[in-house]
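Participant: These are the residues of each chain, in order.
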Amino acid sequence: MSATTKTRTAAEGRTPSTAARLLGDQRLPVLVTAGLFLAMYIGGLSRYQNYGFGEPQVFLNLLIDNSYLLVAAVGATFVIMSGGIDLSVGSLIGFTTMFTAWLVERQGLPLLLVIPLALGVGAFGGFLMGYVIHNFEIQPFIVTLAGLFLFRGLCLVINKESISISDSTVSSMAQTRVSLGLGELSIGAIVALVVLGAAFYVLHYTRFGRRVYAVGGNEQSALLMGLPLGGTKIAVYTLSGFCSALAGLLFMLYIQSGDPLHAVGMELDAIAAVVIGGTLLTGGSGYVLGTLFGVLVLGLIKSIIQFEGTLSSWWTKIATGVLLCAFILIQRAMTNRKQT
Amino acid sequence: MSTPAVTTPSRWRALTHHHLFWPVAVLIFLLLVNVPFTPDFFAIRMTDGHLYGSLVSIVLYGSPLILVAVGMTLVIATGGIDLSVGAVVAITGALTCSYISDQADQNALAGVFLAMGVGLVAAVVCGLWNGFLVARMGIQPIIATLIIMVAGRGVAQLITDGQIITTNSEPYKFIGGGYWLTLPFSIFVVAAVVAVTVALTRRTALGLLVESVGGNAEASRLVGIRSRRIKIMVYMFCALCAGIAGLMISSNTSAADGNNAGLWIELDAILAVVIGGTSLLGGRFSIGGTVIGALVIQTLTTTIYTIGVPTQTNLVFKAAVVIVVCLLQSPKFRAKVFGAKGARTTAPAEPATPADAAPEMEVSR
Chain G
1 MSATTKTRTA AEGRTPSTAA RLLGDQRLPV LVTAGLFLAM YIGGLSRYQN YGFGEPQVFL
61 NLLIDNSYLL VAAVGATFVI MSGGIDLSVG SLIGFTTMFT AWLVERQGLP LLLVIPLALG
121 VGAFGGFLMG YVIHNFEIQP FIVTLAGLFL FRGLCLVINK ESISISDSTV SSMAQTRVSL
181 GLGELSIGAI VALVVLGAAF YVLHYTRFGR RVYAVGGNEQ SALLMGLPLG GTKIAVYTLS
241 GFCSALAGLL FMLYIQSGDP LHAVGMELDA IAAVVIGGTL LTGGSGYVLG TLFGVLVLGL
301 IKSIIQFEGT LSSWWTKIAT GVLLCAFILI QRAMTNRKQT
Chain W
1 MSTPAVTTPS RWRALTHHHL FWPVAVLIFL LLVNVPFTPD FFAIRMTDGH LYGSLVSIVL
61 YGSPLILVAV GMTLVIATGG IDLSVGAVVA ITGALTCSYI SDQADQNALA GVFLAMGVGL
121 VAAVVCGLWN GFLVARMGIQ PIIATLIIMV AGRGVAQLIT DGQIITTNSE PYKFIGGGYW
181 LTLPFSIFVV AAVVAVTVAL TRRTALGLLV ESVGGNAEAS RLVGIRSRRI KIMVYMFCAL
241 CAGIAGLMIS SNTSAADGNN AGLWIELDAI LAVVIGGTSL LGGRFSIGGT VIGALVIQTL
301 TTTIYTIGVP TQTNLVFKAA VVIVVCLLQS PKFRAKVFGA KGARTTAPAE PATPADAAPE
361 MEVSR
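Which chain is which? The protein sequence lines are G and W, in order. The letter at position 145 of the first sequence is residue 145 when you use UniProt numbering, and the numbering goes up by one with no holes. The letter at position 71 of the second sequence is residue 71 when you use UniProt numbering, and the numbering goes up by one with no holes.
Derived by calculation from the structure, the hints in this document are not laboratory data. From the three backbone atoms N, C-alpha and C, an ideal C-beta is built for every residue, glycine too. Keep in mind that the hints are not guaranteed to be accurate.
Restraint ranges, calculated between C-beta atoms of paired labels, are given here [as the list claims (entries may be wrong)]:
#1 G:Asn-50 - W:Val-324: 37 to 45 Å
#2 G:Ser-221 - W:Leu-183: 42 to 50 Å
#3 G:Leu-311 - W:Ala-43: 31 to 39 Å
#4 G:Gln-220 - W:Ile-307: 41 to 49 Å
#5 W:Gly-177 - G:Ile-42: 26 to 34 Å
#6 W:Asn-259 - G:Gly-35: 49 to 57 Å
#7 G:Met-225 - W:Thr-38: 42 to 50 Å
#8 W:Phe-338 - G:Leu-224: 27 to 35 Å
#9 W:Asn-259 - G:Lys-160: 17 to 25 Å
Covered by chain W, per the in silico footprint, the following chain G stretches (three or more residues, Cβ under 8 Å) [said to hold, decoys possible]:
#10 97 to 108
#11 124 to 137
#12 143 to 152
#13 156 to 162
#14 271 to 284
#15 322 to 334
Starting from the given sequences, assemble the full structure and let the hints guide the process.
Facilitator: And the structure:
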């Protein structure tokens, strides 16, 4: 953990080789991911150009189709950056779709009231998990695992069957497209980009962001420096809960239904996106923009599989696993380099 | 709560006493809860030379979970965790079933054994890979095993080509659905695996080595324990157990489902290990506790069915159990909630846990 502090090898006065300098650079994984994304995109262009792969809309669709994953992954970035992990993401997304669908369709509440309610519930769930993790010193893994069970269970308690949403506000919001000249974006994609921008600002330009890095870099040092360790940790899980609920709302908008089995295992997609985006799983190092590239790469795998037609959906899982493995090994090589 | 434990001579004995007491108490409590709803809950009757009854079915349906949890116990004892067991269950089932269904005579014993061998070898290879990443590459266990957890289901679906492969093999059906000496054959498989594991870990030094590696891998290495090799071995063993569970699950349904076989079993297995009193921080384990923990989970599921609570609430119950068990295991929670009184009664258990646990938290999280 202490090996992941922000010192650049180049700044230490030694004269490392180019390879060593490259390996020591914090930005390397993000650059690799961005490069991978470009390579995959160009590969896709050359292969499916006749099928319209080159249309700007295909690229924008990546944002539209993965807006919820981006929001969830941004929340997960904060947690992982602080050295924790949140396994409740997928369940909380599923729960939010179910909760909002139930309130809107079965209870007849207006969407404008349901949205803040859902966000509040998500943030409160995250807060509770953070509170237990910090105050009772139980591993984040096991607490958020309990959260996973709990929210998935609550989905099923609300209703075993899926609830489709016919509310006019929801469908008009879902169908709204904002023209960008080159193509169109959905409201979900715009919300996701706003969340990304906000997260970028908070993480890199505010005191809270520095604290998240510090806590993830070395909890003991952060504590000794007088940083509010507990407050930061609890805030990070609250934020993740909030993002998951927001992702749930976007997912609900995207798919226009609530289903107790929505987003099963999406926490793994979110974690994979964060890792592929170059955030160290041990915490303390990473960029939220990397997460964007992580999500785009995962999304691109899906659309390439769609364009390919002959490839089946399970290749997504295999490709995600292989990428995850490759990036974990890159991370490992980087941290090893710094330890020695 | 550990008043009787104080009188026992050694602290280690006191601890095992402590670890097994609560899981057994919870299990007995859960079993008794069923009696008002099903008066003949404890009745076991003989039909067609087979024993039937709620107790038998709890053990039968809990068999795969017990197997996976036993393997998981050893991994957790080394301070690790294996999230890939569910995927390994799916891969083993998929490979074995697709080999059997490709054979001309599905009832040929040799073919069935070969197919099972292929499935189990694949499982062990998965374990070897996990162990390699954890022990050689030094990757956190949660993350290292996440890879197969994500990719493994894809591989299982690739093997079955996205279909649910069915078999008509009588000998294969026997493992998960057969009866032997009036009892389900699965129970014998589980008993054998548990017996071998207990014998290996408690009759030889292996268990001590595993605990030593979990307590402090670096110190163990320095005193001459090949801690990397032990870790790799433990992951392979865990995957083998998951593989056997995979055979059992696919044999019971005569089908391999790449998507749903063993879904979430890793979570149940971790839960079973935790209920059984094995600390997630490593360094100490109890196979007996894990078996009882797995039975508690299975009994909980059965109880939810018999009481007539909608089965969907199953997960909420499990969440409540995880939270309560973890809170009770947390020294800080006990100190805060039970205060001075609780601190006094739990005193015998206290010195051992936090002292070992605190430095370990740094390394393995």
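Participant: Against the earlier hints, flag every one the structure doesn't satisfy and list their numbers going up.
Facilitator: 1, 2, 3, 5, 6, 7 and 10
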